[in-house]
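Colleague: Sequence:
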Amino acid sequence: MSASVEAGPSPFALLFAPDRGMERHARVGRALRFFLFAWLCSILLGAATAYRVDARSSTLRKLEMSGQLQTMSDRQVADETHNAERVAEVASVAKGVVGAPVQLGSACLALLALTWFLRGRVKGNAVVPVAATTLLPGALANLLDAVSAFRHEALPPEGVPLVPRTLGAILPFFGHPLMDPWLKLSNAVDFFSLWAAVMMAFGVAAVGQIPKRRALPGTLIAWICYQLLTRVAMNG
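Using the working numbering, you'd call the opening residue of the sequence shown number 22 and step up by one each time.
Don't read these hints as lab results, they were simulated from the structure.
Keep in mind the model is a prediction, meaning the values are calculated, not measured.
Check before you lean on any hint, since a few could be wrong.
As the list claims (entries may be wrong) - Here are the in silico distance ranges between beta carbons for each label pair: (1) 95 <-> 138: 35 to 45 Å; (2) 142 <-> 54: 24 to 34 Å; (3) 182 <-> 86: 33 to 43 Å; (4) 212 <-> 174: 51 to 61 Å; (5) 78 <-> 238: 23 to 33 Å; (6) 168 <-> 143: 32 to 42 Å; (7) 114 <-> 184: 18 to 28 Å; (8) 97 <-> 241: 24 to 34 Å; (9) 250 <-> 184: 18 to 28 Å; (10) 92 <-> 241: 30 to 40 Å; (11) 112 <-> 82: 16 to 26 Å.
We put the CB at the ideal spot given by N, CA and C, even for glycine.
Hey, can you work out the whole structure from these sequences and the hints?
Modeller: Following this line, the structure appears as structure tokens:
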């Protein structure tokens, strides 16, 4: 029995062949290693951005806009900058610590909701292991972002795009920058998120015993609606 428990698919099979690997993972896979990897990458990104945060420019801009800059001494400006940096550092580290647990919970809820919506029958013990695998694309993106953050001299507290993740961020490299409203629409096409959605689709098929031909389009339509709502509608 122990041999069968340990015979889950490799991370590469789940990432690059989820149509075959996810069904096997739903039967014998475990969540812990995937969750810990995603958590480590999330914490690493939080630490990297906290380490490189520099609030001088943003603090000066904020004080100038409020009309306070002319009445403040250099020491007061330095204190304001220091406080802004500490707040940004704490927020960045906290976001890194809670990021993976929140994402795992959200993935479990999405898996259950999609299975119910597509009229599947949930295998309860497979939900968390399958949901944990869908964190892998985002974890890889966080790892790349962490490396990019360490390579920056300084990062503003509000953050900057690090590794290009969206269609709107990649097209300018090929000489095709987009303008609104197409830029907002193209920013909804997050390739790492799409990768996770494809894995989620095959996970829904495995967990809910749903035909793949129904699970894949159903999940991708839900992903498109979610991206349009969060990336376009809520951002104006």
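Colleague: Would you mind marking each hint as holding or not holding in the structure?
Modeller: Going down the list of hints, with the structure as the test:
Taken as a hint, the range 35 to 45 Å is violated for the pair residue 95 and residue 138, whose Cβ atoms sit roughly 59 Å apart. Between residue 142 and residue 54 the C-beta distance comes to about 27 Å, which sits within the given range of 24 to 34 Å. Our hint of 33 to 43 Å for residue 182 and residue 86 is violated, since their Cβ atoms are close to 23 Å apart. The hinted range of 51 to 61 Å is not satisfied by residue 212 and residue 174, whose Cβ atoms lie roughly 27 Å apart.
Separated by about 46 Å at the C-beta atoms, residue 78 and residue 238 break the suggested range of 23 to 33 Å. In this structure, residue 168 and residue 143 meet the distance hint of 32 to 42 Å, their C-beta atoms being roughly 38 Å apart. Distance hint check for residue 114 and residue 184: the Cβ-Cβ separation is about 20 Å, which falls inside the suggested range of 18 to 28 Å. Evaluation of the 24 to 34 Å hint for residue 97 and residue 241 yields a failure: the beta carbon distance comes to about 53 Å.
Restraint check, residue 250 to residue 184: a C-beta distance of roughly 24 Å satisfies the suggested window 18 to 28 Å. For the pair residue 92 and residue 241, the beta carbons lie near 56 Å from each other, so the given range of 30 to 40 Å is not met. Between residue 112 and residue 82 the beta carbons are some 19 Å apart, a value that agrees with the proposed interval 16 to 26 Å.
In terms of the numbered hints stated before, the structure departs from hints 1, 3, 4, 5, 8, 10, listed from lowest to highest.
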